[in-house]
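Protein chains in written order, with the numbering used here: chain P, 1 to 115; chain Z, 116 to 232.
Don't read these hints as lab results, they were simulated from the structure. Careful: at least some of the hints might be erroneous.
[Stated by the list, open to error] Lysine-lysine pairs mimicking DSS-like chemistry, simulated, CA-CA at most 30 Å apart:
(1) Z/K169 x P/K42
(2) P/K83 x Z/K171
(3) Z/K186 x Z/K171
(4) P/K42 x Z/K171
(5) P/K83 x Z/K120
(6) P/K78 x Z/K171
(7) P/K78 x Z/K186
(8) Z/K183 x P/K78
(9) Z/K183 x P/K42
(10) Z/K169 x P/K78
(11) P/K57 x Z/K186
(12) P/K42 x Z/K120
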Amino acid sequence: EPEVTQTPSHQVTQMGQEVILRCVPISNHLYFYWYRQILGQKVEFLVSFYNNEISEKSEIFDDQFSVERPDGSNFTLKIRSTKLEDSAMYFCASRKTLGSGNTIYFGEGSWLTVV
Amino acid sequence: DQQVKQNSPSLSVQEGRISILNCDYTNSMFDYFLWYKKYPAEGPTFLISISSIKDKNEDGRFTVFLNKSAKHLSLHIVPSQPGDSAVYFCAASARGSNQTGANNLFFGTGTRLTVIP
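Please construct the entire structure, taking both the sequences and the accompanying hints into account.
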């Protein structure tokens, strides 16, 4: 069964460093998402991406965050200058099309620890 | 702003009995609802969904009920099995007002289900 894959599974970084989290969405999907879950809290929406541009973003997704689809398969989340509060599990997700009946499928997550 | 609420942080059920997980929402624009199951350090796994045009959807042991007037949905698992022990998230999305709206999901805080053998 096709799945969303993410790398790395776990990254430890120093505060202020740049981090890039990588995702390979399901191949025939058109909509891509990043979510995150801070330990003990709910899963939160960060950003959605369609047709090579951001279609929606949350308040969390400030200027320190960016997304890119550098080629036909990868979808990346960059955090320019990490803060302690960026420590979380980051989930990539993809969806085939919009509308009812089209589910968002999640990757296994990338656990980011900022020290 | 908590648009999707799961008021029970945890639930324990005996193996073989029914598990009922509840979810409430506030946004009347939501038209698609999903349940995800999540194990620690793993991504949410899609379980079952329901469109707002239906009030029930069944898939094997899992049934989701939607009460639009009450803005409430529930997930029934019967019979419950020890392998069902996980955190269950309710999620909802609304069709965007424009064609580029990506219908992102709003998640509840989750309910930890423990099925006791």
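A quick look at each hint next to the structure:
no.: 1; hint: Z/K169 x P/K42; in the structure: 27 Å, holds
no.: 2; hint: P/K83 x Z/K171; in the structure: 44 Å, violated
no.: 3; hint: Z/K186 x Z/K171; in the structure: 14 Å, holds
no.: 4; hint: P/K42 x Z/K171; in the structure: 26 Å, holds
no.: 5; hint: P/K83 x Z/K120; in the structure: 29 Å, holds
no.: 6; hint: P/K78 x Z/K171; in the structure: 40 Å, violated
no.: 7; hint: P/K78 x Z/K186; in the structure: 37 Å, violated
no.: 8; hint: Z/K183 x P/K78; in the structure: 39 Å, violated
no.: 9; hint: Z/K183 x P/K42; in the structure: 23 Å, holds
no.: 10; hint: Z/K169 x P/K78; in the structure: 39 Å, violated
no.: 11; hint: P/K57 x Z/K186; in the structure: 25 Å, holds
no.: 12; hint: P/K42 x Z/K120; in the structure: 10 Å, holds
Hint compliance for this structure: hints 2, 6, 7, 8 and 10 are not met, and every other hint is.
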